[in-house]
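**Q** Both chains come to you apart, so use the hints to assemble them.
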Amino acid sequence: MPNRVTIKDYLFESHLFMRRAVVALIFSGLLLVALISRLVFLQVFAHERFSTLSDDNRIKIQPLAPNRGLIFDRNGVILAENLPSYRLEITPELVKDLDTVLNNLSQIITLKDIDRKRFHKLRKQTPSFKPIPLRFHLSDQEVAQFAVDRHRFPGVDIVAGLSRHYPQGSLGVHALGYVGRLDERDLLKIDTSNYSGTTHIGKTGIEKTYENTLHGTTGYSHIETNAEGRILRTLKRIPPVPGNDIHLTIDAKLQGKVEEVFGQTAGAAVALNPNTGEILAFASLPIYDPNLFVNGIDIETYQQLQNDDKQPLFNRALRGQYPPGSTIKPFVALGALERHSKTEHDSIFCPGYYQLPGKDRKYRDWKKTGHGTMSMVSAITQSCDVYFYDLANTMGIDQLHDYLSLFGFGKRSGIDISGEASGLLPSQAWKQKNRDQPWYPGETLITGIGQGFMLTTPIQLASATATLATFGQHIKPRIVIETQSADPKKAPAALTEGAKQIAINEYSHWQTIIHSMQNVVHGKRGTARRIGVNVSYTIAGKTGTAQVFGLKEEEKYDAETIAEKLRDHSLFIAFAPADNPQIAIAAIVENGGSGSAVAAPLVRKIIDFWLAPDS
Amino acid sequence: MTQYIDINRNDASRRDWQHLLHLDALLLLGLICASIFGLFILYSASGQSDAVLNRQLIRLGIAFATMAIAAQFQPQWLLRWTPWLYGIGIILLILVLVFGDIGKGAQRWLNLGFIRFQPSEMMKLAVPMMVAWYFSDKRLPPRGSRLLIAGLLIAIPVMLIARQPDLGTSLLIACAGFFVLFLAGLSWRLLIGLTAIAAAGAPVLWHFMHEYQRQRVLTFLHPEKDPLGTGYHIIQSKIAIGSGGSFGKGWLNGTQAHLEFLPESSTDFIFAVLGEEFGLAGILLLLAIYAFIIIRSMYIATQAQDTYSRLLGGSLGLTFFIYIFVNTGMVTGLLPVVGLPLPLVSYGGTSMVTLMAGFGILMSIQTHRKLLPT
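Chains G and X supply the protein sequences, listed in that same order. Following our numbering, the numbering of the first sequence begins with 1 at its first residue and continues without gaps. Following our numbering, the numbering of the second sequence begins with 616 at its first residue and continues without gaps.
FYI, nobody ran anything at the bench for these hints, they're computed from the structure. From the three backbone atoms N, C-alpha and C, an ideal C-beta is built for every residue, glycine too.
Computed far set for chain X versus chain G, every beta-carbon distance over 12 Å: (1) Asp631; (2) Leu636; (3) Leu654; (4) Arg670; (5) Ile705; (6) Val713; (7) Leu763; (8) His822; (9) Met824; (10) His825; (11) Ala972.
Label pairs and their calculated CB-CB ranges: (12) His15/G x Leu900/X: 30 to 40 Å; (13) Val23/G x Asp631/X: 29 to 39 Å; (14) Val23/G x Gln830/X: 30 to 40 Å; (15) Leu162/G x Arg670/X: 45 to 55 Å.
To give an idea of the chain X side of the interface with chain G (calculated C-beta under 10 Å), a few residues: (16) Asp752; (17) Ile850; (18) Lys853; (19) Ser861; (20) Gly863; (21) Lys864; (22) His873; (23) Leu877; (24) Ile898; (25) Ile909; (26) Gly944.
So here's chain X without its partners, still in its complex pose (with noise of 0.2 Å):
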C-alpha cells in the first residue's frame, strides 16, 4: 500500500499562483513566446492580413483557454475517464467514415449539426491516454500479451484514421501511441525487430497507398522532375530557405511569400517563409524556444509520480518534437510532403487546440499534488 503524505500544508510553494491556477509558468512562457513569434511570421506570410491576424488570435485565445481549462482536471481524475473517451472516439470514427463530410478528398469531419468536428482530433491525445491507462496499474517494462492489446488499442484507431484517409495525423497518433510503449520500457530487441518488420513492410504500404499520396513520395525523391507539377512546393520552399540567407531577407520583405510563389505560405509551409524573412538566426531561434517547450514538457513528466501521468505527458512532449520535425522535415526536403502544420505559427485552429489541451494536461501533471515529495 501506498503511504499518502500530505504535503499541502507544510510546503510554501503550494500557496503560489502557478498552484492555485494550476499552471505552469515556464511551460507557459515557452508557448506564449513561441505564439507571438508565429503571429509576426503569419502577418507576414498572409501578406499582412488584419483578418488572418484577428482570427489566428481568436484561435490562440480558444487554444490557450482549452490548455487553462484542461489543466484544472487532475491526473486521477483523466485517468478515471480515458476509457470513456477513447472509446467515444472509436465509435465517432466509425460514424466518420460512415456518416462523415468530405473535404478536399478526405473525410474528416463529423456534422454534428451546430459543430463540425474532427473526431481523429480527438484520438491524438485519447490514444496516448489509453495506452498509458493500461499500463497504470500493470508492472513495467510491458512483455508478451500486454504489448499485444497495447498494439491494438493503438492500431484500430491508426487504421480508422488512415481510411478516411488522413495519412498524416493516423502517422502522428501511432507515434503517440508508440511513444508511451517505449517510455513503458518496450525491449530493444523488440523495438530494432519491429523496425526491421517496417523496413520490410514498407512495399505492402505502398501497394495499400492512394495514388496521392505515393507521388508525394516520388516527389520528395525526386522533386526536380516536374518543377512545375507535385515537385513545385519543395522546390520553391527550399529555394525561399535558402535564399533567406543567415539574417533573412528581413520581415515583411520575403519574395517567395509576398509574390506567391510560395504555395500554402501560411499554412503548411509557413517556416519557408521564417527561413527567408529571418534566415538561420530566425529559425534557431523558433527552434529554441520549441526545444525550450520540449524539455520542460520531459521535466514535467520524469517529475510526475505515477505511471499514468509520466507515460502520458512524456509522450505528449514527444509528438511536439514529432509535429515539429515533420513539418520542418518536410518544408526544407529532408522529409516527404505530409499535410502537417507548424505548432502555433501556422495559420488554423482545430489541431492548436488539441495541442494545447495536451500542454494543458502537462501543466495539471506539474501542478496538482503529488504522492512524494518533490
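The following block holds chain G by itself, in its conformation from the complex (with noise of 0.2 Å):
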C-alpha cells in the first residue's frame, strides 16, 4: 500500500465512477442490441434461407441407376446381360489436391491417360460433389489393394455395378448393337433427369433402338451424409424401376450357322418368316466384338476396326445398297404378267445381246452365245438378260418403279433397328428430281436386270422375297417379340404390325414365278442346280450378280485379272419349303462373283440348317 496519503474526494471520485459505468452498461448495451438484431436477422428473417442451407449441407440426392433390361434370342438364350464390375469414383468436392491423389491412386490402381482424360472432361461438365468415374472394371487385387489402403484416399470409393455384357461375343452384333458410355451428344438428346446414374447408353442396333425400353426409370435415394461426405443414412427412397427385358425374333443358332457359313467373307444375309416378318437371322460380315466398346475401345483397336478393309463395323444387312442383280428378275416378271398382260409363254429369241429399235448399241447377255429361244420360266430359269431387257422396255421404267415399290424396293423396310438405308428404285421423276436429266430408254433395260441405279439393302430384298413367298403378302419385318416387364403386373406390349396385301390379277401368274424359282434350283438348267441336290424339301431361289462398276460395250470381265474390291457381287435370295415357305432369305457375297457359285451354296447351308437341321 502507498505511503503516502492523498486527500480524495470521496464523493466526487464515487459519482465519477457511477457515472462512467452507467456509460459502460449503456455501451454495453448497445453492443448487445446490435448483436440481438443480428441474430433476429439470421434466425427469424433469414432462417429459411439458411434452413435450406443447413439440409443442402447434409442432405445428398443420390440417383439410382435401373438395371438395364436384358436380351435373349426367340428361344431365351441370352444375348445381352448384366455382370457385376467395380468401378473407382472419385467425387473432386472431397479431395483437396486431385493431383496428388491421383497420382497416389495410380501407384496402386493402373490408370491409363484416357482414363486421365476422360476423369478430368468429366470434371468440367459435372458439379463438384457429384462422384466422377475413373476407372472401369477394376481386377480383384485392385479392389483388395484399394481397400486395405482405403484411408488415405477420402472421397475416393469403389463401386460395385452392373457392366453390359453380351455373353455370345460378336453373335449378332450389327441386329443387338452395343452400349457404350454416354458421351455430349448423348445428352443433348435423353432426358437427364432421368439418367442422372446411369453411365451407358445404347449407342446402335436394337441397344439403340430400343433403349427407352431398356433403361428403365432411375430411382433416387435422399441420404444424409456427414461434412466428410460419408453416408449416415437414407432419409427417403424412391427405388429405380428396372427397364424392361426384350426378347428378340432372332435365333441364335440360325444367326451363328449364318456367320459360320460366311466366315472371314464381306457381305450380308437375312432370313425371316415370311408368314410373320420375324427376323430369324440378321448378319453382316464380318463381325466384331461389341464388348470392345462397352467400356471405350482403345484407339488402336478402333483404327484396326476403322481401317479393315472388310468394313466390319459397316452394317451391311442394315445400310448396304446393292444393285440386286438378277434377283430381280422375278419381280419384274411378276409385274409384266399382272400389270402388263404378257403371259408366261410369250417367247424370245437370245442372241446374246438386244437393240432397242434403230439404235446401234448392244445390250449384251451375260452368256455371249445367247440362250436361244425363252420362255418366262425359262428365262428365269437361266437368267436369260435379254429377255428381261425386253420385258423391261414393254413395261417402261415407270411401271416397273410402281410395281417393284408395291415389294417395298426403294422404301425402308420399316425393321425396328435405326439407320436404315432405303435403295433406290429409279424412275422418270426421281431422276428429273435429282439428276435433272430426262430418262433414257436403255436405262429401263439395265433395270430390268437390276443393275443401273437401282439400288437394295438386304433387308429390303429379304422382306420382298418373303412377299413374293406369301403371294403378296407384305409385312413389316421385325426383330422383337416382346418387351417383357420385369414387373409381372405390367402386360408385355404386343407388336402387331398390319400386313399389307398386294392386288393380286391372277393367282397363277404368282405360281407360275414361284415355279420359275423353283427351277432356278431343282430345274435341269437352273442356275443355282448346284445346291438342288440330296434337299428333302424344295427350294425356290434366284440368283444375281451384281456389277460394281460398269463395264463398256466390249469389254470383257475377267475376274481373274479384275482386282477383287471391284469384283462382282454376289447374290441370292430364296425361300423354302417353296409350297409352304417357313424361311425367305437374301444373301450378298460381296465381290464373291457369281451368284450361282457363291451366295446360293450359303443360302443352302443356312435353309439346310433351319428345315432339316439333322442332314
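**A** Spelled out as C-alpha cells, the structure:
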C-alpha cells in the first residue's frame, strides 16, 4: 500500500465512477442490441435460407440407376446381360489436392492416359459433389489393394455396379448393337434427369432403338451425409424401375450358322419367317465383338476396325446398298404378267444381245452365245438378260417402278433397328428431280436386270422375297417379339403390325413365278442347280450377280484380272419349302463373283440348318 | 484522515452465510445457471460424450474452487500484493518468449516441470489490478504523466503477449486495462483522440500482423470468397445459427454440429450449437444470464468504497462482457474470427479458471467489511 496519504474527494470520485459505469453499461447494452439484431436477422428473417443451406449440407440426392433390361433370342438364349463390375469414383469436392491423389492412386491402380483424360473432361461438366468415374472394371487385386489403402483417399470410392456384357460375343452384333458410355451428344438427346445415375446408353442396333424400353426409370435416395461426405442414413428412397427385357425374333443358333458359313467373307444375309415378318437371322459380315465398345475401346483397336478393308463396323444388312442384279427378275416378270398382259408363254429369241429399235448399241447378255428361244419360265431359270431387257422395255420405267415398289423396293423396310438405308428404285420423276436429266430408254433395260441406278439393301431384298413367297402379303419385318417388363403386373406390349396385301390379278401368275424360281434350284438348267441336289424339300430361289462397276460395250469381264474390290457381288434370294414357305432369305457376298457359285451354296446351308438340321 | 466505523458489531447482515463464506449469492446463482446451461450445450456439441462432460465438470469444479479461494482475500490484501503479481507476470512473459513451449504455432506456455502454465492468463487479472493499484492513491480523474504511466503499465504486457503471438488475449488485456482508465475518468476528449489515432493506426497494425491474422480479417470481410477454406468456419456457423430459427431444432438434434459441418463446435463455436438447437429463445436466455452476471458485477463495483476495488471490479465486469461480445460477434459474423472461448460454456479450462478468479475478487469486494455503511 502506498505510504503517502492523498486527500481524495470521496463523493466526487464515487459519482465519477458511477457515471462512467452507467455509460459503460449503456454502451454494452447498445452492443448487445446490435448482437440481438444480428441474431434476429439470422434466425428469423434469413431462417428459411439458412435452413435450406443446412439441409443442402447434409442431404444429398443420390440417383439409383435402374438395371438395364436383358436381351434374349427367340428361344430364351441370353444375348445381352449385366455382370457385376467394380469402378473407382472420385468426388472432387471431397478431395483437396486432386493431382496428388491421382498420382498416389496410380501407384496401386492402373490409370491409363485415357482414364485421366476422360476423368478431367467429365469433371468440367459435373458438379463437384457428384462422384466421377475414374476407372472401370477393376481387377479383384486392385479392389483388395484399394480397400487396404482406403483411409489415404477420402472422397475416393469403389462402387459395385453392373456392366453390360454380351455373352455370345460377336454373335448378331449388327442386330444387337452395343451400349457405350454416355457422351455429350447423347446428353443432348435424352432426359438427363432420368439418366443421372446412368453411365451407359445404347449406341447402335437394338440397344439404341429400344433404349427407352431397356433403360428403365431412375430412382433416387435422399441420403444424409456428414461433412466428410460419408453416408449416415437414407432418409427417403424411391427405388428405380428396372428396364424391360426384350425377346428377339432372332434365333441365336441360326444366326451363328449364318455367321459360320460366311466365315471371313464380307457380305450380309437376312433370313425371316415370311408368314410373320419375324427376322430369324440378321447378319452383316465380318462381325466384331461389341464388348470392346462397352467401356471405351482403345484407339488402336478402333483404328484397326476402322481401317479394315472389309469394314466390319459397317452394317451391311441394314445400310449396305447393292444393285440387286438378276434377283430382281422374278419381280419384274411378275409385274409384266400382272400388270402388262404378258403371258408366260410369250417367248423371244436371245442372240446374246439386245438392241433397241433403231439404235446401234448392243445390250449384252451375260451369256455371250445367247440362250436361244426363251419363255418366261426358262428366262428366269437361266437368268436370260435379253428376255428381261425386252420385258422392261415393254413395261417402261414408271410401270416397273410402281410394281416393284409394292414389294418395298426403294423404301425403308421399317425394321425396328434404326439407321436403315432406303435403297433406290429409279423412275423418270426421280431422275428428273435428282439428276436433272431425262430418262433414257437404255436405262430402263438395265433396270430390268437389276443394274443401273437401282439399289437394294439386304433387309429390303429379304422382305421382298418373303412377300413373293406369301403371294403378296407384305409384312413389316421386325426383330423384337415382345418387351417384357420386369414387373410381372405389366402386360407385355403387343407388337402387331398390319400386313399389306398386294392386289392379285391372277393367282396363277404368282404360281408361275414361284415355279420358275423352283426351277432355278431344281431345274436341269437352273442357274443354282448345284444346290438342288440331295435336298428333302423344295427351294425357290434366284441367283444374282451385281456389277460393281460398269463394263464398256465390248469389254470382257475377267475375274482373274480384276482387283477383288471391283469384282461382282454375288447374290441369292430364296424361300423354302416352296409350297409352304417357312424361311425367306436374301444373301449377298461382296465381290464374291457369280450368285450361283458363291451365294447360293451359303444359302443352301442356312436353309438346311433351319428346315433339316439333322441332314 | 478517514474515520473507520466498525459496522461488524451491529449489522445483522454481517452474520449471514454470504459474509461468512465471502460469497455473493446472486453472482453465484448467475454463474451456476450459466455453467449448467453450458454443460447441456457442451454435451450435445461434443456428440454426447460423457468423457468431455466429466472433464468439463472437473474444470468447473476447479474454477469454482478458485473463485471461492480468491473470494477469501480481502481487497486490501490484494492491493498490497498487486505490484508483486504484476512484476512476476512480466518476468514470466519474458521467460515465455525465451524458453516457452510452442503450441499451435504460438509460444504461450511455460513449462515449470510439474505444470504447464500460461502467464498471459495471469496477466488478465494482473494488468487491471496494477492500473487500479496505480490509481488507488491518486486524485481522479487522472491526467498527464499519470495517464502515460498507466498506459505503459498496460502496453508492456500487451506487447509481450502480442509477440507470442496471441492477439486475442493481448487485445482482451488491453481492454481490461483500458476499462480501468475509462472508469477512472479518462477525459472524453482524450478518448476520442485515442480512437482517432487507433483508426489511423490500423494500416500500421496491418503491417505488423501475421499472415494468418490478416487472413482472418480478410475472411471476416468476405467469407463467401473462399467457402471451403478460411471462410468455411463463419459460413457454417451462420448456417447453424440461422437454421435454428426462433426455437431451434431441439436439444441433440443440431445437424450442423453433429454431422461435423460446424468446426470447433465444442470450443470457440459452441454458441452456434446453442443457436441451432435452442434457437433465438435459447440464445436470449443465455444472454439474459450473462447480462445478469454483468449487471451484478457492475453493481458490486459501484458499491465498493475504495478506488482500487471500484476500478478493478468494474473492469472485471466489463471484460466479461467483452469476452461474450467478441465470441458471439465472431460466431455470428459481426466480428473477425478471434480465438476466444464463450465463458462458462466452451470446452476448455485455463481461461475459465482465470475468469472465475476474477469473480472471486468481485465477491471478495462485496463481502469484506466496508469503510462506510452501505
